[in-house]
Structure formats: C-alpha cells, structure tokens
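Go by the hints and put chain P onto chain X.
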Amino acid sequence: MDPLTLGALGFVVLIALVILGVHIAFATALTGFIGIAMMKGWAVASNVAGIIPHSTASNYLFSVLPMFILIGFFAHASGMVSGAYRVARAWAGWLPGGLAISTVFAAAGFGAVSGASQATAAVFARVAIPELLKLKYNPSLSAAAVAASGTLASLIPPSAALVVYGAIVDQSIGRLLLAGFIPGVFSALLYALFLLIRFSANPELGQPIRGISWGERGLSLLGVWPIILVMVMILGGMSTGWTTPTEAGATGAAIVFVYALLRRKLSFSALNDSLVETAKLTVMIFATFWGVFIFARFLAFTRLPTVIAEWIVALPFEPTMILAAILLCYAFLGMFMSASGMMLLTLPVIFPAIVELGIDPILFGILVVKMVEIGLVTPPVGLNVYVVGGIRRDIPVHQIFRAIWPFVTIDVLTVVLLIMFPGIVLFLPNFFMGA
Amino acid sequence: MAGRDAPLLRTLDTSLLRVEWAAAVIGGWTIFALMFLVSAEVLLRRLLNSPIPGQQDITILSMATFGVLCVSFCYRQAGHIRMDLLLLQVQGRAHWIMQLLVTLVALLTITAILPGTWNHFLRAFEFGDTTFGIGLPTWPSKLMAPIGLGILWARLVLEIWVFGRLIADPEAEPIGVPEPPNPLEDMDT
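So the protein lines, in turn, are chains X and P.
The numbering used here puts the first sequence at residues 1 to 435.
The numbering used here puts the second sequence at residues 1001 to 1189.
Hint data in this document are derived by calculation from the structure and do not stem from the laboratory.
Take these hints with a grain of salt, some might be off.
[What the hints assert, rightly or not] Okay, the calculated bits of chain P under chain X, using three or more residues with CB under 8 Å as the criterion:
1. 1049 to 1060
2. 1082 to 1088
3. 1091 to 1105
4. 1108 to 1120
5. 1131 to 1144
Since this is a predicted model, take the numbers as computed values, not measurements.
Beta carbons: idealized from backbone N, C-alpha and C, even for Gly.
If we strip away everything but chain P, and leave its shape as in the complex, we get:
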C-alpha cells in the first residue's frame, strides 16, 4: 500500500461507523432485554399463571431494532451474505470497478425501497395504527425501517466515493472498504 491518505473520507467513514455501531448497540441490547422479558413471561405464566400483558406486542414492535435498524452496521462489517468467489479472483483496478458496480446495484435497491418504507410508517402514524394485544402504537417500530435503510443509503453513497477513489488510484490505502474485523470469527449460518 502506498498509504495515500484521504482525511475527509476517513472522517466521514468513522463518523458514519459510529452511527451504525450505535444502531447495532441498540439492536443488541434490545435482544438482551427481550431475553429477560420472554424468560420472565415463561416463568410467570407457567409457575404463577400470570402472564405479562403485552409481551408479544412488545417483542414484535422491538424486533425492528435488530431486524432492520442496524442493517448498515452489518454492511460495513461485510456481514451480509454474498458469493464473492468471482470478486476475489479479480485484482487491482478491475476489482474495485466490480466492487463499485455491486455497490451501485445495492444503492439502486435501497433507493427503490426506501420511499415505500417511509410511506408505510407515515400511514401508521397518520391513522394511529396500534397492535392487537394492548394497543401500542406501531409507528415508532415502523419508523425503524426508513431510519435503518436511510443509514444504509448514506453508507452506500459513501462507498461510491470509497471505490471511486480506489479505481482512480488502486494503490491507495483502502479506507472504508467493508471487511469483517476478523474473517475467522465472522460467523455464518
């Protein structure tokens, strides 16, 4: 690596990563909280015959935090499933061109989906949609989708810069390229 730096890109990447990480922390701690909630519900229902009211509603509504909100963190950590056999065969500038094309496809996808998720939230917000069980409003949960995809959209736009820079100068330091922190720890199912 020639190590040519791009301070602005680095700053933007790190700042966005902070937002993405925060989203993942919210998702992770929600899972943890749900673990306690659901376990408590099982114990109370089975042992004391007194289920926690609205447990299912809370579970359903909070799932959006780890079902969509932190999607961009997973992208930045190269977590999403893909077949990179061909991509890894190609080296140098051609590799970065392919990465750019792949990123453009992803950006196109999110640009197409994003408005629909916003409208879905807006409908719930305007009509006061609530859950079946204890009547919780659904809009905060539905808002997670456009927020999560919005962060991902911003990430993909930044990735165009990332790969565009590497196409112009394949020897430059690859700042902001999605990579798993430790490839051997990167679990898949």
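Okay, chain X solo, but in the shape it has when bound:
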C-alpha cells in the first residue's frame, strides 16, 4: 500500500475508533503504532512508541500545564471566586442588569487564575446563580451568562487549551498566552455590553443593585489582590522575559497557595485532593499527547499532512475563505468533543496547511480556541451548558440553550473581528516579544 493511502486509511480508522468511544489517547497511539509497523517494521514502531511516553513526560515546556491546573484548584479551594464576585458586584452592580454583568466580569477575573472553561462555569453556577435568582433575575438568561462566561477562562491566561495548542504545533507558549489576553477581555466586554443593552431594553429581566457605598467598593478590592498578583506574575513575568511560562505558573500557584493558607481555607485533605486531581488532569492531557505524538510520527512518514497542505493551498479560494471553512469545521466538531480532544485529533493533519496558507500560527491558535469554546455552549453537547444545567436542575437545559444564542452570535462576531484585525491578537506578543 502506498504511504498516502495508508495515511488516509489510518485517519479513517482513527476517527472510527474515536466515534466508537475509544479514548483518544489509545485510538491515536494504536493507529499510529500499527501504521508505523506497516511502513517501517515492528521494531521501529516499538522503539518509537516506547520512547515517546517518557520523552513527552520529560519535556520541560510541558511542565507549565500542571502549574496552571494547580492555580485553578488552589483558587477554587481558597474561595477566591467569591472575592472576585464581590468586587465585580460592588463596581458594576449599579448598571442595568448589574448582577449579570458582574457575573461576566467576575468570571473573566477568575479566568486569570483558572485555565478551564467548564470548571469556571461550574464554580459560577454555584456562586453566582443563587445570587442572581435571589434578586429575581431571569433564570435562563442568568444560567446562559454563566455558561458563556466560563469560556472566558480558556483565553485569559493561564489557559490550558492554549498550552495544549502550543504543545502540539510547537509554537511559543508564552506568545500564545499573551495573545489570548486581549481577545479574552474583549469578549468579556462584548458580553457585558450585550447584557447592558438587553437589560436596559427590558428592565423586567433583572434590577440593578442600588445603595453600594464607596467604602464597600474600596473594601471589596482587598479580596482580589491575589488575583491581581497572579496576573502580574504571569503576564508581567512572561512579557518581560523574567520568567518562563512554567516559572510564571509555579509562582502564581505559590501565591494562591499562600493566600489559601492565610485564609485558613486549605485543610490537609483538601490539599491532598487538589494535588491528586491536578495529577489526574495532567496525566490525562499528557497521555493524549503521547498518543497524538505517536500518530503524528506515523502521519509524517506518510507525508499525508504535506499533501493535504499542498492541496488546500492550490484551492482557487482566498486564504481567508479557507480559514473560515476550517474554523467552521472546528465549530461543528466542538459540538461533539472537548476542546483539547478536538485540537489533539485535528491539528497534526491541518496545521501544515495553515502554515502554507501564510496564516499566523498564534492567531490561528486563538481562533481555534475561540471556535472550540463556541462548541462548548452550543447544542447538542454544549458541555458548559450541561455543567450549569447539572448544578441547577431547576433551570431546564433547553431554555439555557435558547438564551445562549446571543452570546454565540457575539462570539462569532468576535472571531470575524479577530480575522479582520489580527492586531487585536498579535499586539501584545509582538510588542513584548518582538514580531
């Protein structure tokens, strides 16, 4: 069998296994292993597949992942989320739809200490929705705002999804993280603007909070110093070149840990649980990395990605059109699969084409993550919506889905804006790390 056919066949088998329910780590590793064995012999396959698990698990660049995950767990355990919520509420509560807008800003702020979209949605479903309902805010709109706001965490650094992207396509993780900041904040502002307009037009959906004193506002700021410190550490450390992403992550985690200790929020068993969970999540991503790397090695032997890239570049369409088509595919896939799963499966095949098309890899990373996040809030498998619906069983999932469309529209508009004005994404990394 010629290598190209074998490559294509391998990909088909991989997809079939994934649809059947085989874990992505095993499906990719097995197809990759068999493919390499068929092309180069069993000994080579065994050698390649034997080296990759350890070489992946000893790549210094990837050590940033557990640190980012740890920040999220410590931030959760320390009750930092309520601090963020109190500040947002004190400062933005007076606006029309103030509490809903506060939820968006608090989630964006919490995104600065959390890299996981669903986790953020889960935390806010517990913290924010009861408050929103107490003030008689529309339940489905409240739940939709929470589900959508969760997605902000995956762009605002620390972002696990961007690290995964950087790891697979071998791009600077520091650049990617810096690039995610402005689009993340931009999305939060657009969400808030939408809520402002929506609640101004229809005040019955929820009332602003009145009578917050300036003293209360000032005091509320005390609850967010660790978030600000972590942000300064991560963004500042990386943009000045003072720290590597791992170092920024480790110091960020240490800051949140000290804060949790000071607040006496972290018992020994809670600490142990956080650490075990962090290890579990890290090994989950690492295992998928090795699987994908074995598969990517097989694909490289077949030259399939190169041929696909050449084919895509030869298409009689503008690169922007092709980019739009690729992103649409991501939005579709995002309906069925988790962010990292989808990126891990597709990027080894599609990324060479992106490079050939002359699309900036950093910009593409941000766009892909944004598309994936759209998938997380759209039916049928909008995971963030299910997480919120699972925690608040009194709010039917289909109503949340109905209320979430404006947020999805805003996200699609954001993606279009980012494509039209790539400077929004590339400004920070280019400014601090050179073009």
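Leaving out everything else, chain P in the frame of chain X:
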C-alpha cells in the same frame, strides 16, 4: 440493580485502585514540590542572582510521575478524553459489549507500547545515561513509564473481567466500571 455481588472482583478492584491512588498521590505531591522548587529558583535567580543548580534537570526527571506514572488512576476515574456520545446511546448488554471492545482496543495499545518503554528504560540503565545539566541518572525517571503503563495494563485486564461479567449478567451491580467520582466536578480543558 439486582446487586449480585462478586467479592473477588471487588477486592481486586479496590486493591488496584489503592495502587493507582498511591501513584496519583506521588504525582500530585511531586507537582507541589516542583511548585516550590521552581518558585524558589525564580526568586533566587532574580533577586540574589544565584540560581538553584540542576533545577531544570530535577523538573524534567520528576515530570514522569505526573506525566505517565498515574495514568491508570485517571483511567479508573474515567478521566481520559473520549467521545462517549454513541456509547451512551446504547443500553443494557449491548452497552457492555461496546465497553468491552473499547477496553480490548486500549489493552492492545498498551500491550504494544509497554515493551518499548521497558527497553527505553533498560538502555538508559545499562549505558548509564545522565542529564545534560548536573548529570543525574535518567533511568529512575524512565522506569516510571513501564511501571505506570504496567499498572494500566493490569487495570485493563481487570476491566475485561468487569465488562465480561456485565455482559453475562447486565443486571448485576457494575463493580469496577470507570466513572468520575462526581461528573459535574470532572474538569476538562
């Protein structure tokens, strides 16, 4: 659930889970230790201009504890990324048959990879391979791969029993079926 018990399976599952949990504890505390090590390195390097020698070497070598050693714990807790849309549509015996097939694919994968990881360790051990920085031996780290995958292999073999039993008797209590402790807390990236 009819609740028909299988004491031996339950014991094996719990015992293996203990080993898996221990591996995850090692992984987790290593992350914690690295957090301090790396933070200390940043402070010492930037403030006192005296970096900790071999910090990168230690980091790289210890990563295997949370990069591969605890892989089976994640499997038992249904942590690995998969698309279970189709799997969840199928109920009863057919569901368990599909689960068994999926487990067999996983077992085949690990059986294929495992010898290679062992050889990779053995080469490092026999040739005395060391790190670039401060010359630490790499074999203990490389040994984590066959140990971690070995535990996973044992788990997958046990899962064949788990699903085989449920195929024979779909009404039996599902002992040893990987499930997240709390589906809503199960975070993904």
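Hints, verified against the model:
1. 1049 to 1060: With 3 residues close enough to chain X, the hint holds.
2. 1082 to 1088: holds (count 6)
3. 1091 to 1105: Holds: 5 residues of the segment 1091 to 1105 of chain P have a Cβ under 8 Å from chain X.
4. 1108 to 1120: That given contact holds, which follows from 11 residues of the segment 1108 to 1120 of chain P lying within Cβ reach (below 8 Å) of chain X.
5. 1131 to 1144: n = 3 at 8 Å, threshold three: holds.
Violation of the numbered hints given earlier is absent; every hint is satisfied by the structure.
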